[in-house]
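Listed below, chain by chain, are the residues.
Number of protein chains: 4
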Amino acid sequence: MQELLKKLVEKHRQTTNLGKVANYIPELEKTNPKDLGIYIIDNDGNEYFAGEYNNKFTVQSISKVVALMLAIFDNGEDYVFSKVGMDPSGDPFNSIRKLETSSRRKPYNPMINAGAIVVSSMIKGNDVKDKFNRLLEFFKKITEDPTLELNPKVYLSESETGNKNRAMGYYLKDEGIISGNVEEALEIYFKQCSIDVTAKTIAKLGLFLANEGQLSNGEQVVSNRVSRIVKTLMVTCGMYDNSGEFAVRVGLPSKSGVGGGIVSVVPHKMGIGIYSPALDQKGNPLAGIYLLEDLCNELKCRIF
Amino acid sequence: MQELLKKLVEKHRQTTNLGKVANYIPELEKTNPKDLGIYIIDNDGNEYFAGEYNNKFTVQSISKVVALMLAIFDNGEDYVFSKVGMDPSGDPFNSIRKLETSSRRKPYNPMINAGAIVVSSMIKGNDVKDKFNRLLEFFKKITEDPTLELNPKVYLSESETGNKNRAMGYYLKDEGIISGNVEEALEIYFKQCSIDVTAKTIAKLGLFLANEGQLSNGEQVVSNRVSRIVKTLMVTCGMYDNSGEFAVRVGLPSKSGVGGGIVSVVPHKMGIGIYSPALDQKGNPLAGIYLLEDLCNELKCRIF
Amino acid sequence: MQELLKKLVEKHRQTTNLGKVANYIPELEKTNPKDLGIYIIDNDGNEYFAGEYNNKFTVQSISKVVALMLAIFDNGEDYVFSKVGMDPSGDPFNSIRKLETSSRRKPYNPMINAGAIVVSSMIKGNDVKDKFNRLLEFFKKITEDPTLELNPKVYLSESETGNKNRAMGYYLKDEGIISGNVEEALEIYFKQCSIDVTAKTIAKLGLFLANEGQLSNGEQVVSNRVSRIVKTLMVTCGMYDNSGEFAVRVGLPSKSGVGGGIVSVVPHKMGIGIYSPALDQKGNPLAGIYLLEDLCNELKCRIF
Amino acid sequence: MQELLKKLVEKHRQTTNLGKVANYIPELEKTNPKDLGIYIIDNDGNEYFAGEYNNKFTVQSISKVVALMLAIFDNGEDYVFSKVGMDPSGDPFNSIRKLETSSRRKPYNPMINAGAIVVSSMIKGNDVKDKFNRLLEFFKKITEDPTLELNPKVYLSESETGNKNRAMGYYLKDEGIISGNVEEALEIYFKQCSIDVTAKTIAKLGLFLANEGQLSNGEQVVSNRVSRIVKTLMVTCGMYDNSGEFAVRVGLPSKSGVGGGIVSVVPHKMGIGIYSPALDQKGNPLAGIYLLEDLCNELKCRIF
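Protein chains in written order, with the working numbering: chain Y, 1 to 304; chain R, 1 to 304; chain D, 1 to 304; chain G, 1 to 304.
Keep in mind that a hint or two might mislead.
Same chains, same label: a pair holds when it works inside one copy or across any pair of copies.
What the hints assert, rightly or not - In silico DSSO-like pairs for lysine-lysine, Cα to Cα no more than 30 Å straight-line: (1) Lys141 <-> Lys269; (2) Lys140 <-> Lys269; (3) Lys106 <-> Lys282; (4) Lys7 <-> Lys124.
These aren't lab readings, by the way, just hints derived from the structure by calculation.
Okay, chain Y solo, but in the shape it has when bound:
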């Protein structure tokens, strides 16, 4: 396996040239576009890795998966999904149009930005600081990684430039979908996106979902059902408006982030963390997807 990963990373090092590092904030732009790393942890505790598996990057949209589990934990499945749907939107992740044009009057799913902001607005806590801390602690717990922390520079950049997200927040407030303070919801959202991770952290998140919400010590942190909901949403909506094509090519519940990360889940078997910061036009890690496609062909681990 270790050899396979090494070979695949070498093979797709060139592929990174076809993508472009996210540049909407200066912090992300500094990244080396040729980086490519992978980390795999299986159920027996084996760990495999290759490439820049140890580089730090911000978790970005992968945090939507974490926040969703905590929001369901805090509010229950019914309440959460009364405010956000479960269906693919067919539009880019930062699109606002369906909030106005669809008869649903709520974001289509928690994996697009509008839906994720709603989810972040539901995290409980005494104040906005407490809310984010609870999210960070929850993230540490399920990845069994106590070192996770906020990247304050990225957070500031996100907050300063995130006016499209801000627009969605206020639109959702006007529609009554967000009931609390919009700026607080955005602060949590921007902060959760700005947590530094490595491919290993992400692989641990994948393993947690592969094990249906259980930690390595057997503790059941979220229910099977919640874990299943999250994995299903990852399949149908996890790779933005390219989720359908990704499901055909890779066929694993996955979630990407513009920081270059992808978490993939091989149910009951393993968690996979990818780091591949050069993105395709949809905002997905370009070489990382090719790498995953080859890996699934080799391991025959697709769910379809």
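Chain Y is fixed; fit chains R, D and G onto it per the hints.
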């Protein structure tokens, strides 16, 4: 004329039943839906009126006409229309979708909310207070009404509940259409909408446009060309997405506001101010439009 | 006047370079893009002209004005406008989206293709041949030009390539807006677009509208009201989704066609016919609009 | 198992009251809304059934799965997916707007009507009759059911009333996505929707996909890869714009039809056919989905 106005107000007093007073903020809801008033001032200084011509109401969207003239005065026609178009949008006045779906990447015109917020962001001044004061002084000057003032209760309500406008503001900021501070632009916009007027004030605004930007003392405050641009935009976009039907029925450059006002211009002849707070489904003063339609049939003053 | 026209045509001969002749059918593509002609007829019978005023071109969308008057004559204003609106759409003339996304469930106005197909479906007659003949005879009558005839080559090309119009026709049939046979409605529509005219024919159409539906012999063919409705729709919707900007620049009720024609109306005074086949990106005659803008500045004949 | 099915059908007989039989053509309206049937065939040849498993109904949109496999067989995967995407659209199955508003310029996936019409236009054959016959023979082969035949009454109704599909066909022709004759493509599409099936036929189709394109005699009719593509598209797009929620509730690759059928696949294990003609608002078999949800809870056969 005075008799005619009285007769028409009586006739359409019943029509007010078909409309509904705006209720998105408590202050507007208190209005008497049966109110109906008209004020006409002609070029020779004659004044005619009937009904609740003396009631105070907030100017709301009619202020878009005033702000546009000042913004062109401050920035020039070319700059203003590089940030906002001149064409009808075909969508409701508070719609956001075209900001994303249209290839234009700017609001369609200055009479819909998105365009008006851009216009308000262009008013010059040392700070937000100064900017609004300049707008208020300009409004006083062209209506020759030194008593105009802000209704602070309405302003606070507008600001608190105006999250759809806030959403548009941040979206436009993200697109680079608004270059300054969004909350400041919104403060000016909400305040300009919250200026108290009467049908007479509105008639004076109409007269100013009828006289191509001249005051009664002959002072040319805005150029013929600017006055013509504004009147043209009133014809094509002034009555929201009902402007086309209104042009057929009434045929005068006009602008409505959800406070119940309508300004109408009979070029080179007279200004008309309407107060009719019960609105139709598009947000236009329902009985006021019927009244104007009858009036134009009587006076044969349509421009078409 | 004759001198002025000559001067303006010379001035804008170069402007034609900025446009492109319509090329969706081979017949239109053969046109000389440098052509530019104008014909003016006033109320006193004076005629002025310059440039290629005598070239033949197909009337295209200008026929929408003619068909609308006949459809109202045949069905009454109320029926016609129960199937098609009076408001600008804000979308390109061949756009289909609003048929699905708008709550109106009918085309926004008779000047966009969807609306014009509905209008053509309402022309009365024993069969499709008779219906088109009635339209052609009506067109001859109001332009006092008995030589008008169909260009069969253009018609065949239009019909063969007109699949977007066909799509709209079937969509409108499904919605119950078109009640008869779709292919018949399309045949009439494609044929009415394929009638050969010159700038003079078009100027005569403009004069007919300037005189509120009266022929030169005093015969009232359509009512004042119908003539007014048509002129109003020309102002708000006649130049496609550029109607607002055109109204500012030119300020006359006008209708363009992709064959290069523009009809403009100076109410109570004159009809203007333009021939300018090189089009701008919206599908409007580019140099023709510049020419009209200069002409209106000279004649001071704007309605605003 | 037989007992379980009987119990579940009984339990959900009442649920049928919440749905409504499709009524856009008279033939479908005659169906008994209280019908509910299920048929399961597993890999060992065991068959289980309950309720109206033997009633005939038209296959409708389930045929999209069959046509897609044949179109890929005839044209190759690359060609097919150059004309139709693989991603959920987020819009209703008969929506036309994205053909105009999306930058993709092709239908989002083969499970919505626009995409399915494109797929049907690709079926090879000497003429339209031959093309449909090839489709019918292919359908018979993979369901091992030689009795399948067209329901001519339903076909005629579909063809007469299918003007929204016709609109899409002509729109796609105009865009160059359909290269052949539109009416022929529609004839094949309407006919494939009008094939009579029972729950058993549908279960056989599911079994064929469960076995990755193999017949019971071991013959490999389509490749593993094609079978996988189809199943993936069923997960992400098979239940119209409710596919995401369905994936959470049921979690099996499935495709519904407005005739009341659902095919579901338990990979490597079994095919499930449902008949449940009373539909929910999205056009999916209402009681059938509840039945499947309970069944998956009992059998623990979800793929997520």
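When the hints from earlier in the document are held up against this structure, which numbers fail?
Of the numbered hints given earlier, the structure breaks just one, which is hint 4.
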